[in-house]
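Residue numbers (our numbering), protein chains in the order written: chain A, 1 to 389; chain B, 1 to 305.
Hints in this document: simulated from the structure, not taken from any laboratory. Note that the structure is predicted; figures quoted are calculated from it, not measured. Beta carbons are placed, not taken as given, at the ideal position from N, Cα and C, and that holds for glycine. One or more of the hints may lead you astray.
Simulated restraints on C-beta separations [unchecked claim]:
id	chain 1	residue 1	chain 2	residue 2	range
1	A	Arg57	B	Arg89	49 to 55 Å
2	B	Val147	A	Pro277	34 to 40 Å
3	A	Arg57	B	Val147	55 to 61 Å
4	B	Asn221	A	Ile67	27 to 33 Å
5	A	Lys108	B	Leu150	33 to 39 Å
6	A	Ala181	B	Val95	47 to 53 Å
7	A	Asn276	B	Leu92	57 to 63 Å
8	B	Val80	A	Pro255	36 to 42 Å
9	A	Asp112	B	Asn221	32 to 38 Å
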Amino acid sequence: MRKAMLLAGAFALAAAPAAAQQKTVKIGFISTFSGPTAVIGNDMRNSFELGLDHLGRKLGGLPVEVIYEDDQQKPEVGKQKTDKLIESDKVDFIVGYIWSNVLLASLKSVVDSKTMMVVTNAGPSQIAGELCSPYVFSTSWQNDQTPQAMGLYMNQKGVKSVFLIGPNYAAGKDMLTGVAATFKGKVLGQELTVWPTQLDFSAELSKARAAKPDAIFVFYPGAAGVQFLTQYAQAGLKGQIPLYTAFTIDELSLPRQKDLALGVPGAQQWVNDLPNPTNKKFVADFKTKYKSSPAFYGAQTYDAAALINSAVVAVKGDLSKKDEMRREMEKANFKSVRGNFKYGKNHIPIQNFYLQDVVKDKDGNFALKTVATIVKDSQDQHVGKCQMK
Amino acid sequence: MLYFIEQCLNGVQLGMLLFLLAAGLTLIFGIMDLVNLAHGSLYMLGAYFAATFAALTDSFVAGALLALIATLVVGMAVEVIAMRRLYGRDHLDHVLGTFGLILFFNELVRMIWGPAGMTLSLPMEMLQAVQVLPGVFYPLYRIVIIVATLIVALLLYVLVMRTRIGMLIRAGASNREMVGALGINIKLLYTLVFGLGAALAGFAGLMQAPILTVQIGMGENILILAFVVIIIGGIGSIRGAFVAAIFVGLIDTVGRAFLPDLLRLFLSSNAASSAGPALSSMLIYLLMALVLVFRPEGLFPTAGK
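One chain only, chain B, in its complex shape (with noise of 0.2 Å):
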């Protein structure tokens, strides 16, 4: 029972990781109709500028906020100088144009940074891990990440739905036109959007730098588990995507933790350890393919599409 609370821990860690990067990708999707494929090269952003702040500053956290301030303003720049050309057209085009910025940030990476990769090393005090119930004993920093994320989440929700702001993308959300209609400066408020998606990238990949290593293509596999989530959780939908992320991550962890042992039972060890990988990866496509056949909408579909 302890170890499947320890678990299930992991599996809300991976879910609040899934989180950041969905969180803003179902914003662009949902507000500005935007496919963006490049969600995964803003959180590779994110991971290289902590690495290096970090290094600079000689402070984790400084590092941290730094990056995501430069996060926060290469997407606002990326949105000025491309993004905007791709408004309106087909979503192949969309597509294709962040495709290349993926290929783009790849290589602007290499020549910055080298091809080597780099790590983003913790302070020593949280090299350990710390007794969250009597007998669970579970790394301090991915409990920093899972408060973290819940800090960021509950933010998102005052921001979306207490602010003027976040009532403005709820509008653009369900009605572009009219909010332009009503004399909102909506390109500014796209500007805005792709940014705060882009800062939410830049902390995923600078929350997850520690525990694995700052690399060229790092956001890429990452990415379809939050395209994964944001269509079973609803497009456009951040408490959907919420929702969905725990779900998706809950069901990865706790598949890969116990589907050997189950396959176990009736195959032999060998075939089980080697199957119970795979078909573990295959778990959330399949809720994915439940949720397109029931409620193709996703789990909380946004009023008004």
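Just chain A, with the same shape it has in the complex (with noise of 0.2 Å):
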């Protein structure tokens, strides 16, 4: 690994007063790509290839080139696809990873090779705290600070007590613990299901009706998120206890959930109406050359490619000065489509988070839409774990 490194380094050193017509810039990038949650991975690199599209293909001068990897949803592939990314393709940037496991798994291997890395949706509390690294940045958020703003919300709503339900995994864990850091009332019970193949949540469910609470929060990212609302409704639990919910109505489960989401808030840091131009630009060329919606997750990866073009161009291209990037990419400066933010000392955004509902119209098409802010300029709750300085 350190001798990939040197080799690396010496061809940098060799090819620099030629970098400008010979080098480009190579991205590695790790999402999932088949079975269910493909749609998922989807968003995201379409998202990325218009991101690139608009900044004309190039980084700070150079031309790209993106070298796509299927994680399988398994943290073991992952892994295994982020160690060739990095030891056989030599990539000088990393982006992607939907999931908390297996970003995590992969993680030490990114951190190692100090390869620079953009988070594009997964935020394990780890990687906030304890296991923060100066060449890993996030373009999402952190676990905590949604399901932290929907307690917050419930607050505001007046509900006195809830139960919580989420996936067994890194951010199914993180999600239950946001919550409840921030709503005052009691937490009945929480319910952790086998992830991601439980998919039948009765028990669950009937669990959260004999605890008669006042709300249900739950966290299910994907196609898991259709299959907990039509569970919820067949249990006859709509409009007996309110659900509240972080990351389980998106653009991509919207059209399979339908009217079964009207009506059930989400919390978001991003949604597809935010009115600056970015976003409106962003949005509308995804619609016009996709023919769908994006969803948070294309969002926070379109963000990705601004981010890595504002280290490369402050550099001139010499990808070798890994630390003159990364004091550029704490600055996060460039125009994200969610408006302006701040990175935390842990490389998190500090960012707003709004409210979303799902509003239907006159054609029978349902959409996102913001309600109101709920937070503003709000910083995960790990940061002082991070001992990077």
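Hints are included, so try docking the two chains, each in its own frame, into the full complex.
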């Protein structure tokens, strides 16, 4: 590994004068491109490609080469693919990661090789806290943040007690911790389900019903969100116990959730109708190019292209100057689709969270829209554990 | 107590689903001595057919009936085209061949229906819980599943135990050569059995489709449970599959519902809620291991094997 780094360094030195004509920016991109959650991976890939289109297919004047790898939503496969991108493709940046458990399995290879990394979805508490690293940046959030916002909204709504349900993996645990951190009422119980294989939530819904809470909070990304909402309605709970969510209703699952999602609030740092010009262009061009609406997964990945561009511009294409690139990225000096934000010292965005609601137009199409700002400039609660300077 | 009854109903409902899958699997395994990993693909096809036909006909029931016929036809076609070449070969060849079929069907579905999956929506009247006992509310649709499966189980019992075809099926399970020697068209019998198994899998898929989403590979996880069921129940025995399916369903669901609370008595709350689901998903495999140790033939071994 160190040898590879030395070689890469030597190559960069030798090629320095000719850098402008010769070098390309190599980006390794890990996401899920097969199985039921491939729709998420596609949303991310499409948005990243659109981001590169908007930058003229060049980053800081250098041509770009992106290598896409499929993690199959499995930590062990994600790690193998990460190793392959670092060791055999020798990428300059590594981008992507939907799943917190896949990211955690792959993190060590990235940190040890000092590859620059931009995580565009997963936000396990570990990378915000004790495992924070100088070369790892997030364009999404730390898992706790979104449910924390939801907890605040539940306080506003006067919810006195809640039952929590989520999947049993790194992100699910963070989400439930997050909502419990800000929610002032009583948590009557919490259930974690086997992930990603358990798709039938009958036992958990029965338990929630028996606990008689004011509200249920859930986190189920991807198709599981469709399944949860369906079973919640089938159990006759819709209208009885209101549902509050994080990452359960998005543009990818909404076309299948339809009416079941009406009236179910969610928290999000990005909604497709945020009124800033960068976002308008992103959403409009995405719809033209791919004939569908982007989801937050894509929005975060679109930002990653701009963030990387800012770093490559700052070092004028000399990708060996990692520390300079890092300092530039810490400034978050680019136009984000969520509006401007700052980085915390753990490289997690300090950003606003919005309340989103589902609307149905006269043609029967469903869309998400921003209703209110729940919290401004929210920083994650693990930053104190990050020792990085 | 009421809550316990509700969780037991959940367990029975899961058991019913497993029975539908396991019945077909055990018929095919027991009678044709064929390990069919592609059984989960037929389950998936049942769900896709139902979603498609229900959208076309605007009726859930019509969609379900058409899907049932379609999976029966596909099953028989698969038998004639692919499975025939595998009889009498080693089990490993069956595994390889039918694993290939899984890949084939997954790709086929991706080509026809796209990667995003589908939803099969229930009529609005189904989206409610009914009071089955005073104080026990249960989702109406899950009751429909339980009742429908019981009817299918009864029909299957009548078919296998009371009809001539059933007699041939049972005879085929105990001594295939002798059935052939008596002038029965064993090839046709095999095609029928395989089609019947496929239709049962398709029925499981289409009944489950409104609860889960219809997506590629949806049959693969559940197939493992179905194999556990037929091992516990005894290979080839439909009665065994029925009992074992309810056992497995109950253990899985009741374990999931109560184990975390039980663990909380001596573990921290967080540790208990993450260890609970992990341990409860192990329980059924523990049961299978115990059955294999003490009754390797299963709980209801078929005679003559």
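Here is what the structure says about each hint:
{"no.": "1", "hint": "Arg57/A <-> Arg89/B: 49 to 55 Å", "verdict": "holds, 53 Å"}
{"no.": "2", "hint": "Val147/B <-> Pro277/A: 34 to 40 Å", "verdict": "violated, 58 Å"}
{"no.": "3", "hint": "Arg57/A <-> Val147/B: 55 to 61 Å", "verdict": "holds, 60 Å"}
{"no.": "4", "hint": "Asn221/B <-> Ile67/A: 27 to 33 Å", "verdict": "holds, 30 Å"}
{"no.": "5", "hint": "Lys108/A <-> Leu150/B: 33 to 39 Å", "verdict": "violated, 53 Å"}
{"no.": "6", "hint": "Ala181/A <-> Val95/B: 47 to 53 Å", "verdict": "holds, 49 Å"}
{"no.": "7", "hint": "Asn276/A <-> Leu92/B: 57 to 63 Å", "verdict": "holds, 60 Å"}
{"no.": "8", "hint": "Val80/B <-> Pro255/A: 36 to 42 Å", "verdict": "holds, 38 Å"}
{"no.": "9", "hint": "Asp112/A <-> Asn221/B: 32 to 38 Å", "verdict": "holds, 34 Å"}
Checked against the numbered hints above, the structure violates hints 2, 5; every other hint is satisfied.
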